[in-house]
Amino acid sequence: MIRELVLTVAGKGLHECTEEIARVVCDSGVEDGLCTVFVRHTSASLLIQENADPSARRDLEAWFERLVPPGDRLYTHTLEGPDDMPAHIKAALTAVSLSVPVVGGRLGLGTWQGVYLWEHRDHPGHRQLLVHIGP
Amino acid sequence: MIRELVLTVAGKGLHECTEEIARVVCDSGVEDGLCTVFVRHTSASLLIQENADPSARRDLEAWFERLVPPGDRLYTHTLEGPDDMPAHIKAALTAVSLSVPVVGGRLGLGTWQGVYLWEHRDHPGHRQLLVHIGP
Amino acid sequence: MIRELVLTVAGKGLHECTEEIARVVCDSGVEDGLCTVFVRHTSASLLIQENADPSARRDLEAWFERLVPPGDRLYTHTLEGPDDMPAHIKAALTAVSLSVPVVGGRLGLGTWQGVYLWEHRDHPGHRQLLVHIGP
Numbered sequence: 002m003i004r005e006l007v008l009t010v011a012g013k014g015l016h017e018c019t020e021e022i023a024r025v026v027c028d029s030g031v032e033d034g035l036c037t038v039f040v041r042h043t044s045a046s047l048l049i050q051e052n053a054d055p056s057a058r059r060d061l062e063a064w065f066e067r068l069v070p071p072g073d074r075l076y077t078h079t080l081e082g083p084d085d086m087p088a089h090i091k092a093a094l095t096a097v098s099l100s101v102p103v104v105g106g107r108l109g110l111g112t113w114q115g116v117y118l119w120e121h122r123d124h125p126g127h128r129q130l131l132v133h134i135g136p
Numbered sequence: 002m003i004r005e006l007v008l009t010v011a012g013k014g015l016h017e018c019t020e021e022i023a024r025v026v027c028d029s030g031v032e033d034g035l036c037t038v039f040v041r042h043t044s045a046s047l048l049i050q051e052n053a054d055p056s057a058r059r060d061l062e063a064w065f066e067r068l069v070p071p072g073d074r075l076y077t078h079t080l081e082g083p084d085d086m087p088a089h090i091k092a093a094l095t096a097v098s099l100s101v102p103v104v105g106g107r108l109g110l111g112t113w114q115g116v117y118l119w120e121h122r123d124h125p126g127h128r129q130l131l132v133h134i135g136p
Numbered sequence: 002m003i004r005e006l007v008l009t010v011a012g013k014g015l016h017e018c019t020e021e022i023a024r025v026v027c028d029s030g031v032e033d034g035l036c037t038v039f040v041r042h043t044s045a046s047l048l049i050q051e052n053a054d055p056s057a058r059r060d061l062e063a064w065f066e067r068l069v070p071p072g073d074r075l076y077t078h079t080l081e082g083p084d085d086m087p088a089h090i091k092a093a094l095t096a097v098s099l100s101v102p103v104v105g106g107r108l109g110l111g112t113w114q115g116v117y118l119w120e121h122r123d124h125p126g127h128r129q130l131l132v133h134i135g136p
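Each protein sequence line maps, in turn, to chains Z, S and V. Just so we're aligned, residue 2 is where the first sequence starts under the numbering used here, counting upward by one. Just so we're aligned, residue 2 is where the second sequence starts under the numbering used here, counting upward by one. Just so we're aligned, residue 2 is where the third sequence starts under the numbering used here, counting upward by one.
Since the hints were derived computationally from the structure, they do not count as laboratory data. Among the clues, some could well be false.
Note: identical chains are not told apart, hence a pair may lie in one copy or across any two.
[Said to hold, decoys possible] Derived pair list, reagent style DMTMM-like, types lysine to aspartate or glutamate, alpha-carbon separation capped at 25 Å:
1) K13 to D73
2) K13 to D54
3) K13 to D123
4) K13 to E62
From just these sequences and the hints, can you work out the full model?
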């Protein structure tokens, strides 16, 4: 089963989507299988990270922002704005697809794991995910 | 269904292989399922990135080259040449496997997404991919 | 089929688990399919890397340690110790899930590929993996 999810993002940052994906797993009726999430963009990516203390996610974003700053003189691909090339690089450093086993009808995430869409562009918008549930 | 793809690479850089993978999907006859690509090497990796403006890919390669330069004094594993250790690190920073849902008999890639084999060694050669198409 | 693996780790570093995963593949009886490994933690991750010369793995660990040092003044999430935030960042830079095709009843790894759990925290402990074998 494949379901498309369209997420509304307010701009750059980590947007939790664990519940939206869990709902697809639930709807599929699959008891034991594999859930694969795929992001259909090159300037947003996927991340599984700590869902408890928000300071961990803030530090993560700040660290990546420092490693891949906008306005780097190395960039020649600047037509789409100063946040475009850093977005492609951050997407390359993280994941375009993630697979989580489905155990007893539920995502087999660890206690402290949440699934996030990482928007790397500044402006708000919509992002498409494909969620595949297999046997 | 599993198919082996052997790609000929001219040396370091991003080599698009979207069409080769799309052909395996087509041959499989699978309408809705999951396509997983796996690279059988530790100094080449996989990337889904912008397939339009080549300057985005050039900047991506240049950024990674600056982050992981050859000849870093930290390296002790130098027997196989100055491009070997950077290759392992770049491979660790990117993906060894990627999964893309198959929707209506086609790869569910976004409009601007292409699949690339990222060769991290300098010399030309052959690289093996395994493509798995599941239900 | 899904199997949980619990690995005992002595502390920070790469812990090979290729054999444990190969045993699950063997037990599954699947001839051709896909093996997906998922780590249920946010401060440990998965890596496929060179299984021959240990100096390659040592350099890899040293390079990541230099890129993401403990005690960075950027971190505000420090309650769980100086190795906690670097652990989350290193996990984000590497993989939470990996998929390897199963070919003829065996993992389709390349000759020099081993599967590693990368423990990013200093202290010893146990880590849970989920291994899914699909058709």
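To see whether the hints hold, each was checked on the structure:
{"no.": "1", "hint": "K13 to D73", "result": "both (18 Å within a copy, 23 Å between copies)"}
{"no.": "2", "hint": "K13 to D54", "result": "both (19 Å within a copy, 23 Å between copies)"}
{"no.": "3", "hint": "K13 to D123", "result": "within (5 Å within a copy, 32 Å between copies)"}
{"no.": "4", "hint": "K13 to E62", "result": "both (9 Å within a copy, 23 Å between copies)"}
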